[in-house]
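Protein sequence lines, in the order shown, are assigned to chains A, B, C and D.
Read in my numbering, the first sequence has 327 at position 327, and its numbers run on one by one without any break.
Read in my numbering, the second sequence has 10 at position 10, and its numbers run on one by one without any break.
Read in my numbering, the third sequence has 131 at position 131, and its numbers run on one by one without any break.
Read in my numbering, the fourth sequence has 39 at position 39, and its numbers run on one by one without any break.
Treat the hints with care, since some could be wrong.
[Unchecked claim] Cβ-Cβ distance ranges computed for the label pairs, FRET-style:
hint, chain 1, residue 1, chain 2, residue 2, range
1, A, Glu225, B, Glu91, 24 to 30 Å
2, D, Met222, C, Gly317, 48 to 54 Å
3, A, Glu225, B, Asp96, 29 to 35 Å
[What the hints assert, rightly or not] Simulated pairs of lysine-lysine, DSSO-like, Cα-Cα distance not exceeding 30 Å:
hint, chain 1, residue 1, chain 2, residue 2
4, A, Lys220, D, Lys230
5, A, Lys60, D, Lys3
6, A, Lys60, C, Lys279
7, C, Lys60, B, Lys216
8, B, Lys6, A, Lys41
9, D, Lys100, A, Lys60
10, C, Lys216, B, Lys60
11, A, Lys41, B, Lys41
12, B, Lys60, C, Lys220
13, B, Lys3, C, Lys216
14, C, Lys220, C, Lys279
15, A, Lys41, C, Lys279
16, B, Lys230, C, Lys60
17, A, Lys100, B, Lys230
18, D, Lys279, C, Lys230
19, A, Lys3, D, Lys100
20, D, Lys6, A, Lys60
21, A, Lys41, A, Lys3
22, A, Lys271, B, Lys41
23, D, Lys216, A, Lys216
24, B, Lys41, D, Lys100
25, A, Lys60, D, Lys60
26, B, Lys100, A, Lys60
27, B, Lys60, C, Lys230
28, B, Lys271, A, Lys41
29, A, Lys220, D, Lys6
30, A, Lys279, D, Lys60
31, D, Lys279, A, Lys220
32, C, Lys230, D, Lys100
33, A, Lys230, B, Lys100
34, B, Lys6, C, Lys279
35, B, Lys279, C, Lys60
Derived from the structure by calculation, the hints contain no laboratory data.
As the structure is a computational prediction, the values presented were derived from the model and not from experiment.
Backbone N, C-alpha and C fix where the C-beta goes; we use that ideal spot for every residue, glycine too.
Number of protein chains: 4
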Amino acid sequence: MSKRMKICINTGGGDAPGLNAVIEAVTMAAYTRQWEVYGIKTGYTGLLNTEEIIHLTPEKVDGIASVGGTILGSTNKGNPFMMPVCNVAGECTQRDMSDKVIENFRRLRFDALVAVGGDGSMEIAHRFAEKGMPLVGVPKTIDNDMGGTDTTFGFDTAVSIATEAIDRLHSTAKSHDRVMVVEVMGRNAGFIALNSGISGNADVILIPEIPFDIEKVCDKLMENELHGRKYAIVVVAEGALPKGGDVIIKSPAGPGRQHVVLGGIAESVAKEISQRTGKDTRSMVLGHLQRGGSPTTFDRLLSLRFGTSAVRAIEMGKFDHMVAFQSPDIGLVPLAEALKIHKRVRVDGDTVLTARDLGICFGD
Amino acid sequence: MSKRMKICINTGGGDAPGLNAVIEAVTMAAYTRQWEVYGIKTGYTGLLNTEEIIHLTPEKVDGIASVGGTILGSTNKGNPFMMPVCNVAGECTQRDMSDKVIENFRRLRFDALVAVGGDGSMEIAHRFAEKGMPLVGVPKTIDNDMGGTDTTFGFDTAVSIATEAIDRLHSTAKSHDRVMVVEVMGRNAGFIALNSGISGNADVILIPEIPFDIEKVCDKLMENELHGRKYAIVVVAEGALPKGGDVIIKSPAGPGRQHVVLGGIAESVAKEISQRTGKDTRSMVLGHLQRGGSPTTFDRLLSLRFGTSAVRAIEMGKFDHMVAFQSPDIGLVPLAEALKIHKRVRVDGDTVLTARDLGICFGD
Amino acid sequence: MSKRMKICINTGGGDAPGLNAVIEAVTMAAYTRQWEVYGIKTGYTGLLNTEEIIHLTPEKVDGIASVGGTILGSTNKGNPFMMPVCNVAGECTQRDMSDKVIENFRRLRFDALVAVGGDGSMEIAHRFAEKGMPLVGVPKTIDNDMGGTDTTFGFDTAVSIATEAIDRLHSTAKSHDRVMVVEVMGRNAGFIALNSGISGNADVILIPEIPFDIEKVCDKLMENELHGRKYAIVVVAEGALPKGGDVIIKSPAGPGRQHVVLGGIAESVAKEISQRTGKDTRSMVLGHLQRGGSPTTFDRLLSLRFGTSAVRAIEMGKFDHMVAFQSPDIGLVPLAEALKIHKRVRVDGDTVLTARDLGICFGD
Amino acid sequence: MSKRMKICINTGGGDAPGLNAVIEAVTMAAYTRQWEVYGIKTGYTGLLNTEEIIHLTPEKVDGIASVGGTILGSTNKGNPFMMPVCNVAGECTQRDMSDKVIENFRRLRFDALVAVGGDGSMEIAHRFAEKGMPLVGVPKTIDNDMGGTDTTFGFDTAVSIATEAIDRLHSTAKSHDRVMVVEVMGRNAGFIALNSGISGNADVILIPEIPFDIEKVCDKLMENELHGRKYAIVVVAEGALPKGGDVIIKSPAGPGRQHVVLGGIAESVAKEISQRTGKDTRSMVLGHLQRGGSPTTFDRLLSLRFGTSAVRAIEMGKFDHMVAFQSPDIGLVPLAEALKIHKRVRVDGDTVLTARDLGICFGD
């Protein structure tokens, strides 16, 4: 009979629909094995300040799979290899607290950690694994830019929310002969813009992988007008860039609009279109709407499969690995390998071809 | 047996979920009576340029009740009592084209018009009625600020979309200990902010009817923090105003963000909160998401009831009236009477009391 | 300054979307007044077995407004004026336990009760009020058949779910030239069938208030076929009845299909249509889908308003009353008065007229 | 420069969310290439009665991707290799009309056919391809039981609808301490039951691939009760079977309840549970709700990718193949190869393991 383990789970980085489902799945799979399972609040920091550790039970996770956010509270609390430490005078320096994390992990007699997070968190996880911590990663990225896995939880939800928003914008754009420019998430990768743009029947999609020429975009809109379609939907990834060396358009620092930012890519593109075509043009930023709230059924299921697979990986002793969606199965990839890949939209892939076949313009 | 009439329908002003349902209902109720029914594109302008008039049939309206927008195309084309008329040199003057509208209406042998629109459109409708045009109004306002009717179509949809957005923002605000400031529609009346704020479990609601003190808002957020609730949702109507004479906060010209606008009320409020409390604060503008797309079931039904009631009013010869929701029935009110009322949130009404009882702060 | 009260809340009868929102609102409104508030599990029975009483706090009700069901657990546990009491031999008699309920209510020093429930529960509440118990009722009925209030929570959700289901059935009926017969809730009143049938673009609606002739229904379907519409949607309230004295169609005992029931009204109607017209005809029963799960925004808001209004009624000492939606306000009606009315669809009301104008057949 | 082709598309078998998106994609991809494209109504039969062929244009398919059903009308009209042909006396025989289909295809100068359908339709398509017809298949199966492709359109929608229904049933089951038995689609394969059961937090899942012992199911429910969970959700695939040789439970002939069927698997299972455990048990059949209506975003995108890929396959001359989802790409598999595989739930796959880890019982 296998050993009764004592495991813990943390969640790092931004919010993603499905986090609670991972937590539920890890808890239930541990409970089924009569293991003990604990949740570490505020990422790795919780292992520095061990008051932040809570016992997870079936009662505590009952029904949370469909609830947005994470019951482990605020998730974005820094890198233990470079912790800001401040003295009473307010002067801060960065210190490597990783040994302290490992020490506490051992002192609390944990047998393994499930680390949920984006590429930053997986990088940290890998470093801990190399220092001997037995852990399994669960990849999380709304943008779908992580390597080693077909997709991750949160992405299908984000694409669905963006598509639904584009659907709504269609009818008002059509009623008023307007151009609507919608900014969706995707700083390095254009997956959300591409998928929601296709599903939402956009006229133009601008993504980081295909630098755009604003003239080509305007040509498309004027050509549409000749064919009787006076309105248009332009979907822009936040990291979309114009062709040529100079980045003339500032992109906001993150999803949503921080109050210090005066204009993102959508606003700039809208301004250009308005000036060049004379068309009534409006912009909007979907921002946080894309990463909050209840996950789609697809993401719920994927999260639950990820969570239980992580526990099975622990059972098999497959540490320093990450669970991955290798459709239709869940597999395991070494963290080192997954971290080497920065996934981007393939510009000759069939999704881009689909968009072109549907008459969608990328401005190239 | 009653006469076989020939009627027409126009839609004025902005988009509203339910417009197509009104068109479907008018068409079907006319068809049931073996009347002829026509749709006038681009508002009253369509009666100046009579190529814009289309024959409506059951086939053309089949299934449109649940579709956003309006099949009568662009709806926002000006006031026939003050039409801009431009000469070849590009000099424009305003001309009263109302007689031409009436002349065409008669020449085309229409017996009655169903005029769908907001208070601007109802004002115009009333002037036409006074000039002898047989018409019945159907009120349309997302903001719910029209008099004479309990509510209009589009409002329930807007409140639902805003509530769903607030639900999504909750989980990400909670995960990151953030203050999220959400701007919803409502330039003169705070109904959308009030209803979605209550339904969405907001901490603060700012509406035009209750001028706010930003200090009181910040007090509420800090008090919440003492009780362990570190995040907050602030819902702001676009027409919300701070106390005191000077309007220090610029409001955008309309829903959505026009590219010339550098900051709306949400951004200003977010900036103030961030500076005064030091909390991580983000803003977002829901804008056009609130007025596009498929109507809720409530709005579908209300629109269908409005449309058939307008046809029954024509049958009874009750012109210069507007259909109105007098729950649970549909009634008729004289346009002149409805236009006198500018509906606002009652600051001592039970909805505001409900918000206060739930612990929601209005900043007063 | 007003007294600090100690109040309690119970919920009786079946599930309804919005129950938790009422509980949240009562709790928060009590908390705002620094009152104590308790939840009584399993209806009045909880006052017999006082272990079933839980202390309600803001933490316990945080976020429950959008969650289906009721945190007060099973709600359907009988009438204290006629409690089944069984001896060891398994012989049961009915006993009046109402004095015991009142005794416990006083012993626990409660100042008032908020009684949430349908007409059965309101009847019981009124009897307790007459015996001197200070209480305020909150009406609950999915079917919308309670008097004194324009509508109650749960109804909008049920109509929305039914409409969404009918929307889905349309496309499959159309793809296969089928007649789909859908049974919705409504044993005595046809409001759900009527409203969802209109919103969902049904061809036929059968309700208890308008006895139907199956021949007329079939005539309508064949006439549609002549006009090229080969498929049809028939919406049937569970209490719909054929014309004439004999009830030839058995109706199931409740929503959903109890396993002892071999056929409900939808199945019977489908069978008749199939035999008489030769058309491919299917039936389905929506059952419990209509009363479970998350409430619509409309119902969330109405429930929250009902809950806080009940607390304000207690504050004012308006006992033996029921909160009521008197659009657009919440009012109070004496329980005795509300109980006199059994609300039914008005057969000459504008909703029925709307249906007829849209070409919908009632089989009359 | 490539030849301007003239292609056609047909859709066979039952309704599936995404059919219209495939039609839109094929039309747009043809239009982009300046090809002509036609839609064949009522499956292959349309090539026998060539009045059923319509010209497809961008206008005709604009916006249909999100609409349920198929604009090519009734889809279920039989196998041209075995057409029922009836004489005036009403005597019918089966005739092979395939040569006539091919003759008309050539006479109308079509260059290729896109055949959309389930395994029956793909079988027919392969036979036509072997007789020299240039065609490409697009797989369609709600149940997800087709080989050669990770998944097909319609499946994600069906799982989502079932999950949403289960979510709703949870709250009412919980409020009343009830066992709810829900029957979902899946005659040969349990994918919908498995995925929606996991996502919807079911207690028991019964699928064709794992014969069940009703005693084990009841044991699970009683064990839950000991742990304080008095209610339960049992999800049953329509093709689920009890262990042992004799099939004692009749399964209905198809989704939905045909009026000749007195009881499906859900009703039988509910009856058994009720008798053996004494618990209040109800059953419901989701039926047609699962295959009608608007597709999820996932299915919309997959359908659009399938449709354009089929056109690219024609361009490349890859006939007698079927487009397939080989995540994350769309590939092509020979029809002969795809038809060999009858996909079933792998009983040792990670999805089943996930369910077991979550504590879900399969009755084995």
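Evaluated hints:
no., hint, result
1, A:Glu225 / B:Glu91: 24 to 30 Å, "holds, 26 Å"
2, D:Met222 / C:Gly317: 48 to 54 Å, "holds, 49 Å"
3, A:Glu225 / B:Asp96: 29 to 35 Å, "holds, 31 Å"
4, A:Lys220 / D:Lys230, "violated, 61 Å"
5, A:Lys60 / D:Lys3, "violated, 64 Å"
6, A:Lys60 / C:Lys279, "violated, 52 Å"
7, C:Lys60 / B:Lys216, "holds, 27 Å"
8, B:Lys6 / A:Lys41, "violated, 69 Å"
9, D:Lys100 / A:Lys60, "violated, 66 Å"
10, C:Lys216 / B:Lys60, "holds, 27 Å"
11, A:Lys41 / B:Lys41, "violated, 58 Å"
12, B:Lys60 / C:Lys220, "holds, 21 Å"
13, B:Lys3 / C:Lys216, "holds, 27 Å"
14, C:Lys220 / C:Lys279, "holds, 13 Å"
15, A:Lys41 / C:Lys279, "violated, 61 Å"
16, B:Lys230 / C:Lys60, "holds, 17 Å"
17, A:Lys100 / B:Lys230, "holds, 28 Å"
18, D:Lys279 / C:Lys230, "violated, 44 Å"
19, A:Lys3 / D:Lys100, "violated, 70 Å"
20, D:Lys6 / A:Lys60, "violated, 61 Å"
21, A:Lys41 / A:Lys3, "holds, 26 Å"
22, A:Lys271 / B:Lys41, "holds, 29 Å"
23, D:Lys216 / A:Lys216, "violated, 65 Å"
24, B:Lys41 / D:Lys100, "violated, 48 Å"
25, A:Lys60 / D:Lys60, "violated, 52 Å"
26, B:Lys100 / A:Lys60, "violated, 71 Å"
27, B:Lys60 / C:Lys230, "holds, 17 Å"
28, B:Lys271 / A:Lys41, "holds, 29 Å"
29, A:Lys220 / D:Lys6, "holds, 26 Å"
30, A:Lys279 / D:Lys60, "holds, 26 Å"
31, D:Lys279 / A:Lys220, "violated, 64 Å"
32, C:Lys230 / D:Lys100, "holds, 28 Å"
33, A:Lys230 / B:Lys100, "holds, 28 Å"
34, B:Lys6 / C:Lys279, "violated, 37 Å"
35, B:Lys279 / C:Lys60, "holds, 26 Å"
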